[in-house]
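> Please dock the two separately framed chains into a single complex, following the hints provided.
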Amino acid sequence: VSKYNDVDILLVEDNPHDVELALRALKESDLTKNVHVVNDGEGALDFLFSRGKYADRTVAKHPRMVFLDINLPNCNGLEVLKAIKDDDERRFIPVVILTSSLEESDLIESYRLGVNSYIVKPVDFDAFARTVRTAGTYWLRLNRLPG
Amino acid sequence: MVLIQLIYNLATLVALSVVSGFIDQRWRRDTSPGTVMQGILFGAVAVIGMVHPLELSPGLFFDGRSIVISLCGMFFGPLSAAIAAAAAIVYRIAEGGIGAVMGVSVIAASALIGIGFYYYRSKNPNRTTALQLLVLGLIVHGIMLLLAFTLPYESAIRTLQTVGLPVIVIYPLATVLVGKILLDQEQNIRSVEKLSESELRWKYALEGAGDGIWDWNVVTNRIFFSTQWKKMLGYAEDEVGDTLEEWETRIHPDDRIRCFEDLQRHLDGKTADYRNEHRIRCRDGSYKWILDRGKIIEWTADGTPLRMIGTHTDIDERNRGRAAMEERNIFIQTVLDNLPVGIAVNDIHTGNVSYVNEKFYAIYGIDRDEIHNVRRFFEVMFTDPEHRMEIQKRVMDDIASGDPARMQWDDIPITRQSGQKRFISARNIPIPGQGMMVSTVQDITEIIQNRNELRRFNRELEERVARRTEQLEAVNRELEAFAYSVSHDLRSPLRAIDGFSRFLAEDYGHALDDEGRRLLGVIRSNAQKMDRLITDLLSLSRVTRNEMKNARIEMEAMVRSVFAECVDNDARSEFEFIVHPLADADGDPFLMRLVWTNLIENAVKYSARSEIKKIEIGWRRLQDRHVYYIRDRGAGFNPKYKDSLFKVFQRLHSDGEFEGTGVGLAIVQRILRRHGGTVWADGGEGTGATFYFSLPAQGDGSEQI
Numbered sequence: 001v002s003k004y005n006d007v008d009i010l011l012v013e014d015n016p017h018d019v020e021l022a023l024r025a026l027k028e029s030d031l032t033k034n035v036h037v038v039n040d041g042e043g044a045l046d047f048l049f050s051r052g053k054y055a056d057r058t059v060a061k062h063p064r065m066v067f068l069d070i071n072l073p074n075c076n077g078l079e080v081l082k083a084i085k086d087d088d089e090r091r092f093i094p095v096v097i098l099t100s101s102l103e104e105s106d107l108i109e110s111y112r113l114g115v116n117s118y119i120v121k122p123v124d125f126d127a128f129a130r131t132v133r134t135a136g137t138y139w140l141r142l143n144r145l146p147g
Numbered sequence: 148m149v150l151i152q153l154i155y156n157l158a159t160l161v162a163l164s165v166v167s168g169f170i171d172q173r174w175r176r177d178t179s180p181g182t183v184m185q186g187i188l189f190g191a192v193a194v195i196g197m198v199h200p201l202e203l204s205p206g207l208f209f210d211g212r213s214i215v216i217s218l219c220g221m222f223f224g225p226l227s228a229a230i231a232a233a234a235a236i237v238y239r240i241a242e243g244g245i246g247a248v249m250g251v252s253v254i255a256a257s258a259l260i261g262i263g264f265y266y267y268r269s270k271n272p273n274r275t276t277a278l279q280l281l282v283l284g285l286i287v288h289g290i291m292l293l294l295a296f297t298l299p300y301e302s303a304i305r306t307l308q309t310v311g312l313p314v315i316v317i318y319p320l321a322t323v324l325v326g327k328i329l330l331d332q333e334q335n336i337r338s339v340e341k342l343s344e345s346e347l348r349w350k351y352a353l354e355g356a357g358d359g360i361w362d363w364n365v366v367t368n369r370i371f372f373s374t375q376w377k378k379m380l381g382y383a384e385d386e387v388g389d390t391l392e393e394w395e396t397r398i399h400p401d402d403r404i405r406c407f408e409d410l411q412r413h414l415d416g417k418t419a420d421y422r423n424e425h426r427i428r429c430r431d432g433s434y435k436w437i438l439d440r441g442k443i444i445e446w447t448a449d450g451t452p453l454r455m456i457g458t459h460t461d462i463d464e465r466n467r468g469r470a471a472m473e474e475r476n477i478f479i480q481t482v483l484d485n486l487p488v489g490i491a492v493n494d495i496h497t498g499n500v501s502y503v504n505e506k507f508y509a510i511y512g513i514d515r516d517e518i519h520n521v522r523r524f525f526e527v528m529f530t531d532p533e534h535r536m537e538i539q540k541r542v543m544d545d546i547a548s549g550d551p552a553r554m555q556w557d558d559i560p561i562t563r564q565s566g567q568k569r570f571i572s573a574r575n576i577p578i579p580g581q582g583m584m585v586s587t588v589q590d591i592t593e594i595i596q597n598r599n600e601l602r603r604f605n606r607e608l609e610e611r612v613a614r615r616t617e618q619l620e621a622v623n624r625e626l627e628a629f630a631y632s633v634s635h636d637l638r639s640p641l642r643a644i645d646g647f648s649r650f651l652a653e654d655y656g657h658a659l660d661d662e663g664r665r666l667l668g669v670i671r672s673n674a675q676k677m678d679r680l681i682t683d684l685l686s687l688s689r690v691t692r693n694e695m696k697n698a699r700i701e702m703e704a705m706v707r708s709v710f711a712e713c714v715d716n717d718a719r720s721e722f723e724f725i726v727h728p729l730a731d732a733d734g735d736p737f738l739m740r741l742v743w744t745n746l747i748e749n750a751v752k753y754s755a756r757s758e759i760k761k762i763e764i765g766w767r768r769l770q771d772r773h774v775y776y777i778r779d780r781g782a783g784f785n786p787k788y789k790d791s792l793f794k795v796f797q798r799l800h801s802d803g804e805f806e807g808t809g810v811g812l813a814i815v816q817r818i819l820r821r822h823g824g825t826v827w828a829d830g831g832e833g834t835g836a837t838f839y840f841s842l843p844a845q846g847d848g849s850e851q852i
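Line by line, the protein sequences are chains A and B. For what it's worth, this note's numbering labels the leading residue of the first sequence as 1, then goes sequentially. For what it's worth, this note's numbering labels the leading residue of the second sequence as 148, then goes sequentially.
Bound-form chain B, shown alone (with noise of 0.2 angstroms):
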C-alpha cells in the first residue's frame, strides 16, 4: 500500500517536471512569468501531493512537498520557490492536525535550502551532479526528520520509527531522479537556446556586413531567402517567394551555365564549398554583379545534400571598377602602342624590363623576346664592351644629375642588329618614389635626313642668291658705266653741235638770210633739248640707283622751300600759293625733295597759261597711309590718259604747248616706290590737275594729326 502510494507520489513528481519543461521552453525561467508560472506549478504539485498524502496515523501526512519545494528553489529561484511554500503552507495550515508545525517547518526549510543551492548554482555554474542532487535531498530530509521533534515526544518517536529509514532512503533518491529529469530538461533547452543563438549570430554578421542570406532544402527545393538578399535586388521582404525558381530565373543569362555548373559541382562533392560571380537581375531589370557562395552542411543518412546554405555579395561596383580600369588598362595600351614613340620601363634597382610598346622594338630593330632587363638590352645594342660602359655610365650619370636637359639625348646614332644605321632621340625619366625608370625613343631619322636637306637646299639657294646677287652687281656696274660714258660721250657731240652751229652764225652769218639762221637755230634748240632729255634720264637711273638715306622729313618746311627755289620772284607773286599744315613724313630728304620739285614745277609750268593761277598743297589721313596732294588750275589733262602719265617720255601735251621730256613724273614714280608709297593723278582738260601720293604712317607725330 505504502509502495502504491509511493509511485503515485513520484509519478505525479514526474509530471511535474514534463509540464515545467513545456512552461519552460516557452516562458523562459529568466522572465518573471516564467518564474511565477513555475512556482505555481510546483505549488499546485505540492499541494496535489498533500491531497493524497502518505498518511501513516490520523493527522500525520507525508507527501513529496520536500522533494517539490527544494528542487523548485534549486532550479527556478526564490520566487518560485515562495510561491510554491506559500501555496503549501497554506493548505498545510488549513489541514491543521497536530503535524502542522511541523509540515509547515519542513515547507520552510525545503525552500530555504533549494533556495541555497540556487545560489550556489548560480556562482558554480558547473555541469550540477547527480552528488549535488542526493547532497541535496539527504540535507532536506534530515533536516526534515529533526524537525519531527516539534511534535509531541511519543509521536516523534514513533514517526522516525516508523518512517524515519524510508524517509532517508527513497526520498533523496526520488529527488535525484526528478531532479535529474529537470536537469536535462534545462540542459536540453540550453543547448538548443545556444544553438538558435550562434545561428542568429552568424546571420546577424553575415547581414551586417551587408551580405543576403540563403538557406537551401535540397531536397523539397524550397529556399529561404533573407531579408538583404531581396533587398539587395530591390525588392521588399513579400516581393520574392521561397523557391529556387526565384534565383534561377534571375541570373544573366550569359552566366547561367557557368553558374548552374559550379553548384552541380559542389553538390557532387567535388569542391569544398561553391563559389560563383554571376549577374542577377534586379526588381528595376537591371543586373547586378553578385559573389555567390554557398555549402552543404546536412547530408541524408545515405549522404544526399539535404541542405546548403550561402551568401549573396554585392560585388558589382567593384566589378564595375574593374570593368572600367580594364577599359583604361587597353584604352592606354592601344595608345602606348600606337605612339610613334616606343616607351619601355624598367625597374631601377634591378633593371628587370616591365612594360615595352611595340614601337620600342621596332625602332631599336629588335625582337620582343630579346630583353627582358637592361643590362641585356645594352648588351644587344652596345656590342663593343667598352662602348657599352662608356654609355651606361652616362645614362646612370644624367638620371642621378636630375637636370631635365641631362636626361634627353638628341641625334643619337645607332646600328640595328641588321645593320642599319638610324638616328633617335632619347629620354630617360626616373619615376623616384616606384623606383622605375620611363625610357622613350623616338626615330628621327627622317627628320635628320629632312633637315639636312634643307639645310643643304638652303646653303644652294644662299649660293644661287649670292651668285645672282653677283651677276645683277655686274649688270648695275655695267648700268653705271653706261650711264657714265652716256653723260660723257653723248655730250660732247651735242655740245660740239651747239658750239659749231653758233660759229657758223657768228662767222658766216652774214652769208646767211634769216631762213638759214632760222635752222641753225632749230640745230642748236635740238642740241639743248637732247641735253636735257640725257640729264633727265642719269638723273631717273639715279633715283633707283643710289642708296637711300633716310630721316625724319619736315614736310611742310621742304614744300615752301621747294617753291621758292622753283619759281622765281616774278611768277611768284603771280600764284596763290596755300600749304595746309602736313604731317611729317620718313623717308630720304633729297628723294623727296626730288618729288615736291618735279610735282610744284608742273603745277607752276602747266598753270601758265590759265587764268587762275592757284597751287594747294595739303594732307589726309588714310588709314595706315599719309595721302599728300598738290591741286592747280592749270591745263589739267584728259583722265583717259591719266595711267600714261607716270611712263617714261609719256607726254599729254606737246612741247608746242609745254616743254618737258616725260621723265619727271616717271622719276616721282620711282621715287615713292621706293618708299613704299604709290602716286596717282586725278584731273580734267582745262580744270586743273591733282596729283596725290602716299607713304606708310610711320613715327609718332603723324599718329595724333
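With the rest of the complex left out, here is chain A (with noise of 0.2 angstroms):
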C-alpha cells in the first residue's frame, strides 16, 4: 500500500519558501498531518493520476482538496487544473488557486475551467496563515462533497 493513499491535501507549490510558510500556515491550523508537497505541474498529474513515481497509488483515492500555485515549471497551474476539471472522476476535487497572481485574466481563466476558489497570497505571513486556515477549514471540515 502506497504512503501517498492518504493525502488529504495536495499542496503544488514551486517556490520552497512558499512551500514552508504554507505547511507551517497548515500546521498551526491542526488541520492536518497529511499533506503532500509537488513542486511542478507534471509532479501533480503524476500523483493524481497515479503514474510515474506514483503509479504504486491507489487509483481511486483522491486528496481531499488541492492548493495550486499557477506559475509552475513545465507544465503550469491552469494547465493542471484544465486536467482535474476535464477528468471525469477527479472533477469533483476541491482546487483552490493559491497565487501571488493578482492578474484578472488569471482569475477569469482558473474561474472559466472550474475552479473552487481563488485565493491571493497575503505577503503577511499572519494574514497568509489566517487565509490557507479558512480555506482548508472550509474544504475539509464545512463543504461536503458526492460520494
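Some clues are possibly wrong.
[To be verified] Per label pair, the in silico range of CB-to-CB distance:
(1) A:Thr137 to B:Val633: 23 to 33 angstroms
(2) A:Asn74 to B:Lys789: 45 to 55 angstroms
(3) A:Cys75 to B:Phe796: 35 to 45 angstroms
Honestly, the hints are just simulated from the structure, not real lab data. Note that the Cβ used here is the ideal one computed from N, Cα and C, for glycine as well.
Next up, the structure:
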C-alpha cells in the first residue's frame, strides 16, 4: 500500500519558501498532517493520475483538496486545473488556486476551467496563515462532496 | 377794219389767259377765292370786249364774250362762270338796243355750255384735246347764230348773212387758241404741283422715319438742313446755318478722313451713291453715330455735280449695342480661351465644328487646323477604327439618353499624337433648341497622379500605423508580462521575508532582546510596505491598460457607497460628511469608483489628526464641463508643491505623519485623463485641501442643472 494513499491535501508549489510557509500555516491550523507537496505541474498530474513515481498509488484514492500555484515550471497550474476538471473522476476534487497573481486574466481563466476557489497569497504571514487555515477549514470540514 | 378789231379782241383774250394763269398760281382754282377771282377776271375781260365790240350796225355788236364766258365755265366751273356771266349780262342790259335779248341769251348759253364741258372734263380727267375745244367753240357759236332769230326776222337774216360765216369759222378757232393757252397753263401748274408734291412726299417719308435730310448745292456750297437733321443733334431750327461747314466741322476727327474720301468718290462718279458711318458732335458736345447717305441728283450741262441730297440716320444706339456686344464677345472669348477647360461646339447633325478654344487643342495635343468636323476629330484621336466606332456610339447613346450623369465621362485615358498619355474628364452637353453640342474637357492627369500618390501615401501610412500598432501591442504585451511577473515574482520573496521573520520571532524570540525583536518588526513592516507599493503600481498600470466600459454613473450614490465602504463605523461617526446633490456623469463606473475611493480615503486619512473632521462634496457647472470637488479640513499641503501631488511616488507628507505610497493621486489623474477630464487641487498647510476634477458635460440630465 502506497504511503501516498492517505493524502488529504496536495500542495502544488515550486517555491520552497512558500512551501515552508504554507506547511507551517497548515500545521498551526491543526487541520491535518497528511499534506503532500509536489514542485511542478508534471508532478501534480503524476500524483493525481498515479503515474511515474506515484504509479503504485491507488487510483481511486484522491486527495481531499488541492492547493495549486499557477506559476509552475513545465506544465503550469492552469493546465493542471484543466486536466483535473476535464477528468470525469477527478473533477470533484476541490481545487484552490493559491497564487501571488492578481491578474484578472488568471482569475477569469481559472473560473472558466472550473476552479473552486481563488486565493491571492497575502505577503503578511499572519494574513497568509489565516487565509490558508480558513480555506482548509472550509473545504475539509464544512464542505460536503458527493460520494 | 374788221380784222384789226378781231386782233384787238384776240389780244385781249391772250392777255386774259396770262393774267388767269398768274392768279391760278397764287390762288388755286380749287379754292373759292381762286374761282371768284377767275370769275371776276373773266367777267371783266368779257365787259372790256363789249366796250370795244365789233359793231356791225348801230345796236348790233359782236365781241369775244361767248369765247371768254364759255372757256371760263369749262376751266373754272359754275361759280366763276356765273360771276363772269352776271357781269356781262348786267353790262349788256345796261347797253340796251335791239340785240339785248340775243346778247343776254348768248352770254347765258355760253356759260351753260362751258359748265357742261367742265363737268364732262371732271368726269373724264384724260387730257383735254384741241378737238374738244373746237367742239366747244362750234356748239357755242352755232347756238349763238341760232339765237340771232330772237331778233326781228330781217335783222336776223342780215346778221347771219354778214357775220354768220366769220363767226362760225373764226370764233371756234379763237376758242381753240385761247383754250389751248389756258390748257397749257393748267397742265404746267399741275405738273409743278405734282413735282413739289412728290418732293414733299419723300421728305415727309424720310422725316417720318426719323431721318434728317440735307440738300446741298455743290456749286454755291449752300446746304439745306431739315428740322429733323438739326433735332437729331439737339439743335433748334435757327441754331444751324446753311453752309457745308456746319456739317464738316462737327464730324469726329477720327472719322473725318474716311468720310470725305467716301464723299469724294461719289462726287468723282466712282460710286453709285455716297454712304458713310461717322460720329458727329451734338449740341451738348457728345458724339453720335450717324449713317450718312446721299446721291447727286443734278448735274450741270458739262457734267459737274450741281445738287446732292441725302439723309442722316441715327445709328448711335445700334452702334453702341454693337460695340457693347463686341466688348462682350471679346470678354467671353478671353474667358473661354483662358479657362483650364477645353471647349468645343459643333453642329449635332453635320458635325461641323463652330467653336473651339485654345485649351481644347492643347489638351488633346492637336493642331488648330486639324479639326473642322467631329468625325475628323475622332479619326485623329482614335486611330483604331473599331475602337473609334465604339467610342462614337457611346457618345451618341449617352447624349440620346438625356441622363446628365451619362454625359459626364471621367478618368478617360487618351493618347496624344505625340504619343503622350493623358487622362481627361469630358462632358458632352446638347443644346437641342439650337441643334448644337458643347463638349468640355479637363486634363485631370495631375489630379489622378496626385490622387494615386495620395492613395499610395495613405496606404503606406496605414501600413506604418499598423506596424507601429503591432509594435506597441507587443510592447504592451511585454509590459503586461512584466506586470504579471512583478506581481508574482516580487511577492514571493517578500512573503518569505515576512514569514521567516515571524518564524524567527516565534521560534527564537526567547534568544533575542527587545532591540532584536524591534529590528525583526522593522523588517516585517518594510516587507509589507513594499507589497503595498507593488499592489498600487499594478493597479496604476491596470488603470491605463484596461478597456473602458462606459455607462451612466449616479455620482451621488457612488460617493455615499464609497464613503460607507472605506470608512469603518467608528470613524464614520466622527466625521461630518456632507454630500450636495451631484450631477450624473458618463464614464467607466469601476474607474470612477477608484477616483472617489482614492479621494475620500485621502480626505479621511489626512483629517485623522485634525480637530474638525469635515468632508464636503459638491459640483459646479463650468461651461461645457462638470467640476466635482471634495473638501476637507485636514492637514492640507504646501500649495507651492501642488503640481507634484499627482506624480507617482511624490508625497508631501512623510510616512511618519501619514502612511502612503504616493500612487493614489497618480491613479486619479490617469483615470480622469482617460475620461477627457482633469484634476487639480487647492489647499494650505494645516487648513485642509480641496480636490477638483472635471469631466465633459454629456447627456441630457446634466444640461438641466
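> Indicate, hint by hint, whether the structure satisfies it.
Hints and how they fare:
no.: 1; hint: A:Thr137 to B:Val633: 23 to 33 angstroms; in the structure: 31 angstroms, holds
no.: 2; hint: A:Asn74 to B:Lys789: 45 to 55 angstroms; in the structure: 53 angstroms, holds
no.: 3; hint: A:Cys75 to B:Phe796: 35 to 45 angstroms; in the structure: 39 angstroms, holds
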